[in-house]
Amino acid sequence: MYSFSFHRPKTLAEAASIQGGLEEPKLLGGGMTLVPTLKQRLARPSDLIDLSQIPELKGIRETAEGLEIGAFARHAEVAASDLVRRTIPALADLAGHIGDRQVRNLGTMGGSIANADPAADYPAAVLALKSTVKTDRREIDGDAFFTGMFETALEPAEIVAAVRYQRPGKAAYAKFRNPASRYAVVGVFVAVFGSEVRVAVTGAAGSVFRATELESALAADFRPEALEGITVQRDDLNADIHASADYRAHLVTVMAKRAVVACG
Amino acid sequence: MPTTVTMTVNGKTVSREVEERTLLVNFLRDKIGLTGTHVGCDTSQCGACVVHLDGNAIKSCSILAVQAEGASVTTIEGLAAADGTLHPMQAAFKEHHGLQCGYCTPGMVMSAVDLAKRNPSLTEQQVRQGLEGNICRCTGYHNIVKAVLAGADAMQAGAGERQPAEMAAD
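As you go down the protein sequences, you meet chains A and D in turn. Position one of the first sequence corresponds to residue 1 (my numbering), numbered consecutively onward. Position one of the second sequence corresponds to residue 265 (my numbering), numbered consecutively onward.
Hints were generated in silico from the structure; no laboratory data involved. Hints may be right or wrong, so weigh each one.
Claimed, not checked - Once the Cα atoms are required to be at most 20 Å apart in a straight line, the calculated EDC-like pairs of lysine to aspartate or glutamate come out as:
| # | chain 1 | residue 1 | chain 2 | residue 2 |
| --- | --- | --- | --- | --- |
| 1 | A | K58 | D | D294 |
| 2 | A | K10 | D | E284 |
| 3 | D | K381 | A | D82 |
| 4 | D | K410 | D | E396 |
| 5 | A | K170 | A | D47 |
| 6 | A | K39 | D | E359 |
| 7 | A | K26 | D | E396 |
| 8 | A | K39 | D | E284 |
| 9 | A | K39 | D | E283 |
| 10 | A | K10 | D | E359 |
| 11 | D | K410 | D | E333 |
| 12 | A | K26 | D | E284 |
| 13 | A | K10 | A | E228 |
| 14 | A | K58 | D | E333 |
Said to hold, decoys possible - Chain D side only, calculated, beta carbon under 8 Å to chain A, not exhaustive:
| # | residue |
| --- | --- |
| 15 | K276 |
| 16 | R280 |
| 17 | E281 |
| 18 | G304 |
| 19 | T307 |
| 20 | I322 |
| 21 | S326 |
| 22 | I327 |
| 23 | Q331 |
| 24 | Q390 |
| 25 | G394 |
Glycine included, every Cβ here is placed at the ideal spot set by N, Cα and C.
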């Protein structure tokens with residue numbers, strides 16, 4: 001690991017202002033991606049800003065429309081939260097299947113979405129659950145948050161404070177996970193809001209996306225059979241040692257069917 | 265730039281000068297001399313380095329010592345009682361031979377204690393799933409699972425008379 005300076009601000013305002021004079025600061029959430037990245041010398045920040053001591057980033061609250069989850073909520077906390085399990089159980093289920101127990105005890109929701117790993121789980125929830133991302137300076141529509149592989153609408157030094165998720169009528173997340181890393185080879189989050197069906201897909205392309213072909217089929221007929229013979233048509237699907245692009249396209253439909261079944 | 269980090273380890277307050285980039289596992293092993301916590305893969309996969317941070321199992325190779333400033337850490341050395349009486353989970357690993365080479369054992373035991381604390385009545389399936397973050401390269405899982413189930417039962421039976429070091433660290 002290259003050396004760096006370490007800061008532990010106590011407020012969001014301090015975390016924002018501290019970055020001003022620094023050469024190449026990097027925000028530290030749970031560190032489940034950043035620390036291994038540093039260990040491999042794949043990043044060389046001048047400073048780490050540890051966000052763990054900021055009360056404004058914590059807590060899970062019920063809102064009129066659903067839930068507001070603080071950016072520093074650990075995956076294990078979301079998975080075990082009675083409020084989340086009661087309000088949006090699919091979200092608790094998603095959080096409970098990230099990495100392993102030890103990773104879930106440190107990893108944070110804000111870290112997951114700010115990093116925007118193409119195979120991360122939370123981005124699928126952000127897109128499926130009509131969410132709003134609150135930062136230290138503005139609100140960003142969840143639909144416009146992810147802009148590419150490891151890229152988001154966040155400006156340099158902008159800090160994710162919380163995400164507001166809308167409570168769907170029903171929802172489920174189905175993941176075909178890599179058995180070693182537990183990242184999604186393909187993960188599909190299906191959420192139903194009245195007559196609207198949202199199908200968000202992670203792991204399959206460079207960035208999370210909505211499978212509009214599947215959405216319209218399910219809006220007309222919300223049964224797994226309705227997806228028979230429908231495959232996402234995209235030329236940017238990932239192909240790697242774990243799965244070819246064709247196989248991922250196939251998995252998107254299979255995982256969507258499983259999610260529809262799990263919706264009950 | 266060296267900095268001073270202070271935390272509670274196995275019930276005792278410790279303070280050492282470290283570099284910001286020092287990992288918690290290296291802090292525990294090299295600065296405090298607690299070498300029971302092992303480094304296996306060093307890539308957050310294997311779980312040989314599992315310790316409890318404020319009561320939760322974490323992989324100490326994937327967190328900086330400075331992130332644990334002010335926290336309470338329990339390592340494998342903190343499980344047994346002061347008189348050397350083994351923690352029920354340690355005793356169960358011994359009884360059921362839940363180890364082969366022993367390298368993964370400290371992490372297995374620490375994860376198992378965390379798992380048993382959260383689930384009063386563990387099933388074999390829950391143990392197998394709950395230990396997914398711990399790898400035994402001898403593949404001695406069968407006896408490990410037996411040991412965890414027995415250890416969890418023993419912890420339940422002994423609830424109310426918990427070990428002092430562990431209690432202090434919670």
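Handout entry: Hints breached by this structure
Key = 1, 5, 6, 7, 10, 11, 13, 15, 16, 17, 18, 24
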